[in-house]
Amino acid sequence: MRSMLKRLTSLVGFVIVAWLSIVFGLFTVFRLIFEVTLLSQSEFTPTMLGITRILVGAAVAVSWLLIWRKLAERYLWQKLKERN
Amino acid sequence: MDPSSLTNFVSLGIMFGTGFAVTFLTTPLTARLSKKLNMVGVDVHKTSKPKLPEMCGLAIVMGLVCSAGIASIAFPAEQGRLLAFILCVSVAALIGLVDDFRTLSPRLKPLLTVAASFPIILLGTYSPYLTIPFVGTARLTIVYPVLVMVAIPVLTNAINMMNPFNGAMSGTCSVLSIAMIVYLMLLGRTGEAILPSALLGALLAFHWYNRYPAKVFSGNVGDLSVGAAIGALTIMGRIEVPVLVAMIPHITNAFYLLSSVGGLRERREIPSRPTRLLDDGRLEATEDRKAPITLSRLILAEGPLYENEIVRIMIILTMASSVLGSLTLLFLMRG
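If you're matching them up, the sequences are chains A and B in order. Per the numbering used here, the first sequence starts with residue 45, numbered consecutively. Per the numbering used here, the second sequence starts with residue 23, numbered consecutively.
One chain only, chain B, in its complex shape (with noise of 0.2 Å):
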């Protein structure tokens, strides 16, 4: 191995471990803040109805700002990729938690989440040319930045909006972190990899407490961060084709529920719930047609399954997406 691959590899685990670290340690320290402000949430799958504290997802955020502060040291050259990275992230995670303590109407939190994007844009840390499969680079000058501030709502909210069972959101996205860091490999570009890393230990630690059966909950802070994570590593690592591909089960659950519920509705506007849980424990697919169409629903069609079985598909669907990104690189490799 040579010595820059080598440090590239180092620099990763170092990355992985701060992410990890700082949010295994806070997390349990954000779950009593949450108790102590009784931002506590019901756990709706479960028989027991037991309440949990929200916006543990804070956690997830220090971890990620505590990564990308010891990166920009270490890489002074990359302080304005770091320094946009940290804003999308703070901007996203302040959304998150305004809509935690009140929550904001569903139609303004999208239109909030497009702030997330202006450090990227502002501070010029994309590239305007999009790499289609058996097209080849497209100059998007003017469209790019318009589809930047289009990118970030809609990942965050589809991150969002695919939270609704214990160690769903951290378990796809760490599938999601995996995926980017091996497209960054398969360019030849694995010190780019760094941020990634760092989301995938922020992701595991949090995913230790989120799993079935879950002590924490992520909140809207945890779930708008991540994603505007994503979307800023996506649009910053050039990986927006491949990432698109590997986020299909979060983008096709956010379009079933919208277009089934006829767009962006309150909880309460609701009328029905499409999964409905049994006296054994176990969710089933409703059979209202009222109803939103989910990811959720569509997987218990078949038959009712314990909320850790539900969330191990929507895992096995994420990883089989994340490979199906890989072969879309490879098309863009040749292309």
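The shape of chain A in the complex, shown without the other chains (with noise of 0.2 Å):
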């Protein structure tokens, strides 16, 4: 029972995390890489800014998964280790 909560404590860990960059990367995408506009304009801005907003948002949701990815890596091989 012990070893049970105590493995489902860690496994809820990562679900919160994994939440908390869910919440926060898509404020991030939407309310900050959004809304940038540049002060200079011409005729290609308008698509350059919408390539790069796509560009920084698809970087931030990747940056979740390699956290996503680190975080078990880690988690797992310490376990492992743990174990032997």
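Hints listed in this document are in silico derivations from the structure and should not be mistaken for laboratory results. For every residue, glycine included, the Cβ atom is placed at its ideal position computed from N, Cα and C. Just to be clear, a hint being listed does not mean it is correct.
As the list claims (entries may be wrong) - Here are some of the chain A residues that sit facing chain B, going by a computed Cβ distance under 8 Å:
no.: 1; residue: A105
no.: 2; residue: R113
no.: 3; residue: L124
Assembling the complex is the task here: the two chains are given apart, and the hints tell you how they should meet.
Dropping the structure here:
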């Protein structure tokens, strides 16, 4: 029962980290990145800005995923090392 | 209780009952059909290695289609959405059936499942507005249909990857269905929860046969159609962000798996398994660095467990993420 609870606590911790990264990631993309405007305007500015926003937004999403992966790897190898 | 609320709850009950009854009655029939067609799979997580009928998830599809058919007679104004739902589930089920009969390449399957999103886009049963916590509503007229085409394959394949153990898919997706019903109720749109209720009924009926020790497997037909149903209901119900949160265990499992094996690969291309069966029937995480990282391997990292204990943890994690989904919804409502 105790080991089950310990296991669940760590895994629920992962879920909470993933949740926080989704909420703050969406906030960063839609409130900060998508709101950026440039002072100097030209014919190509809106297109370039649109592409840049999508690329930076995608980079934020990839960074969430990399954080999740690093945490999972660290947890797995640490636990397996302790087990042995 | 005012009459409209009572009507809504009666509708939910009828949809739940129809989904449950049709799936409960047709699962043994699909099992018999699967055996006749020699569509059986080995339950590799049992020491006795029993052979069980596959593609019994067809019973879930029947439960969903019958419920949506009845709903289209009872609610003629909703026929467009119901038709989009039936088509989306049917296309995913067809791809799953083809995959069950002749294994599709892991790169082709996600591409084909994009087709399941077409009924939603072509029948216009989506709203191109995305409500985001602490931000408000964003208008995504051009991007939203693209997101629909990405979301359906991602969800169908994430659910397909979360089905390694008896009752894992039916158990976790039952929790997701309850979460969707609660989200719609919190938003004051109880009447729109008829299809999630039908999905819950169908999944609980199937769980009766699929729970540990399983008598049937859902097959790709079941996994892909349930994934498409959840995707369609999320998009049509405009509960994208809360469901994304509720599906964290499924999405992280799929991402860990794909990133650790370097993309979409066939099972035989993966050099080592993430878990191994011990003589006492328990499962343990392997130490091989080449083995993929999966949610089940993370659950087992602390020590060996029985299959039903792993599934219980998966269900509890889905419950935890569903509660976080409700919190996210409350943030959305406040924003």
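Here is what the structure says about each hint:
1. A105: violated, 11 Å
2. R113: holds, 5 Å
3. L124: holds, 5 Å
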